[in-house]
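Participant: Chains as they are written, first to last, in the numbering used here: chain A, 1 to 140; chain B, 1 to 140; chain C, 1 to 140.
Keep in mind the hints are simulated off the structure, nothing from the lab.
The structure displayed is predicted, hence computed values, not measured ones.
The beta-carbon is built from N, C-alpha and C at its ideal position, and this holds for glycine as well.
There may be inaccurate statements among the hints.
To be verified - Among chain C residues calculated to face chain B with C-beta under 10 Å, some are: (1) Val6; (2) Tyr13; (3) Lys18; (4) Ala22; (5) Ala30; (6) Arg31; (7) Ile32; (8) Glu56; (9) Asp75; (10) Tyr100; (11) Met115; (12) Ala119; (13) Ala123; (14) Gln129.
Stated by the list, open to error - To be clear about the criterion: a stretch of chain A counts as covered by chain B if any three or more of its residues have a C-beta under 8 Å from a C-beta of chain B, and this derived list gives those stretches: (15) 49-55; (16) 96-109; (17) 112-118.
Chain by chain, the residues run as shown.
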Amino acid sequence: MPLWHVYHPPGAYSPVQKKQLADDITEFYARIGLPRFYVMALFHEVEASSFYVGGEPAQNAVRIVIEHIARHATDPAARRRTREALAALVAPHTTERGLYCEFHIDETAQDLWMMDGIAPPPARSEAEQRWARENRPVPY
Amino acid sequence: MPLWHVYHPPGAYSPVQKKQLADDITEFYARIGLPRFYVMALFHEVEASSFYVGGEPAQNAVRIVIEHIARHATDPAARRRTREALAALVAPHTTERGLYCEFHIDETAQDLWMMDGIAPPPARSEAEQRWARENRPVPY
Amino acid sequence: MPLWHVYHPPGAYSPVQKKQLADDITEFYARIGLPRFYVMALFHEVEASSFYVGGEPAQNAVRIVIEHIARHATDPAARRRTREALAALVAPHTTERGLYCEFHIDETAQDLWMMDGIAPPPARSEAEQRWARENRPVPY
Numbered sequence: 001m002p003l004w005h006v007y008h009p010p011g012a013y014s015p016v017q018k019k020q021l022a023d024d025i026t027e028f029y030a031r032i033g034l035p036r037f038y039v040m041a042l043f044h045e046v047e048a049s050s051f052y053v054g055g056e057p058a059q060n061a062v063r064i065v066i067e068h069i070a071r072h073a074t075d076p077a078a079r080r081r082t083r084e085a086l087a088a089l090v091a092p093h094t095t096e097r098g099l100y101c102e103f104h105i106d107e108t109a110q111d112l113w114m115m116d117g118i119a120p121p122p123a124r125s126e127a128e129q130r131w132a133r134e135n136r137p138v139p140y
Numbered sequence: 001m002p003l004w005h006v007y008h009p010p011g012a013y014s015p016v017q018k019k020q021l022a023d024d025i026t027e028f029y030a031r032i033g034l035p036r037f038y039v040m041a042l043f044h045e046v047e048a049s050s051f052y053v054g055g056e057p058a059q060n061a062v063r064i065v066i067e068h069i070a071r072h073a074t075d076p077a078a079r080r081r082t083r084e085a086l087a088a089l090v091a092p093h094t095t096e097r098g099l100y101c102e103f104h105i106d107e108t109a110q111d112l113w114m115m116d117g118i119a120p121p122p123a124r125s126e127a128e129q130r131w132a133r134e135n136r137p138v139p140y
Numbered sequence: 001m002p003l004w005h006v007y008h009p010p011g012a013y014s015p016v017q018k019k020q021l022a023d024d025i026t027e028f029y030a031r032i033g034l035p036r037f038y039v040m041a042l043f044h045e046v047e048a049s050s051f052y053v054g055g056e057p058a059q060n061a062v063r064i065v066i067e068h069i070a071r072h073a074t075d076p077a078a079r080r081r082t083r084e085a086l087a088a089l090v091a092p093h094t095t096e097r098g099l100y101c102e103f104h105i106d107e108t109a110q111d112l113w114m115m116d117g118i119a120p121p122p123a124r125s126e127a128e129q130r131w132a133r134e135n136r137p138v139p140y
């Protein structure tokens, strides 16, 4: 967590542009204290003949699916801040480049989640801070 | 929302057949008032050596994953109607063509969802109707 | 259900190794009484330039997304047993082969799920046992 799936037209992103988006995503979550290695971003090229928006083949659309596990926004204000912050994050990589962009966040249970056989430590715990410092899962 | 992922064997669908399924999906949601551009259908070709059903490589199976965000069926009767209507929708594209078909619907939160930086309007609001008429997200 | 998506580097798994993992997954659920054909495992090759962990291209990471529909673990002890059993299942296919592995389980609603137009029978019902014996969906 977070896991980002980015479905995009062929050629929409060069390797450098993918890394830039992945970096921006990683920075966002690192700022709120998550270990950097928690952040996975997978890019999936989908041809227009396999990507329909409103029944029409799409050549300019990006669909992002985000899985949040380690942190769930609770009150409506926090949820609003989350969605607006992520919209601001993706805008330079999508809308501002002429790519229509839709995303949604799915929130799944923290206790059904494992990394190299270890259940990640509780949010904001000492152990999580150590994972962030060492940037890898360590027994705790 | 809705987002449909269709995982299918290579060659199971021609571009025309994909568009027909995408059209049927779009009509279904447009009939209940959703803007057509809300409907995204992504097709993913998966070879038999990467697609296992009960441990066996599958050449005739279609797995559909559906994300519902804008509308969630509430009472059991409505949920039954939803699953049966979608089963009827996919049957001509799958079972009736000799393709085994499993689907499930995941429902995720409406307030963690954005389109081109705008949070979609409430269900059945004036703004949603305008989005449906203009078939694009407009500030409201 | 269960549906497993395995995102992995090119070449990480041969067809034989994919089938072995799919077999292990299938055995796990068959042991708790699920029909074998419920178990779908899809493998998705993702190149390093499309697979970022902490902003870095990954050549040794496997990300598994698991959808549970037919059975949901309820109490904390059962959830712990589930995650630990699945971690043990995947270890020989990932960590023990030098592949970093993260997985999470998403649980979705049983009543929004269909197979060949039939809503699967209730957990542990006579009908489910018959589906398991015949290894296919039959009207009930």
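Participant: Each hint: holds or not?
Facilitator: Checked hints:
no.: 1; hint: Val6; in the structure: holds (9 Å)
no.: 2; hint: Tyr13; in the structure: holds (9 Å)
no.: 3; hint: Lys18; in the structure: holds (6 Å)
no.: 4; hint: Ala22; in the structure: holds (4 Å)
no.: 5; hint: Ala30; in the structure: holds (8 Å)
no.: 6; hint: Arg31; in the structure: violated (13 Å)
no.: 7; hint: Ile32; in the structure: violated (14 Å)
no.: 8; hint: Glu56; in the structure: violated (25 Å)
no.: 9; hint: Asp75; in the structure: violated (23 Å)
no.: 10; hint: Tyr100; in the structure: violated (21 Å)
no.: 11; hint: Met115; in the structure: holds (5 Å)
no.: 12; hint: Ala119; in the structure: holds (6 Å)
no.: 13; hint: Ala123; in the structure: violated (15 Å)
no.: 14; hint: Gln129; in the structure: violated (16 Å)
no.: 15; hint: 49-55; in the structure: holds (count 7)
no.: 16; hint: 96-109; in the structure: holds (count 8)
no.: 17; hint: 112-118; in the structure: violated (count 0)
Violated hints, listed in ascending order, are 6, 7, 8, 9, 10, 13, 14 and 17; each of the other numbered hints is respected by the structure.
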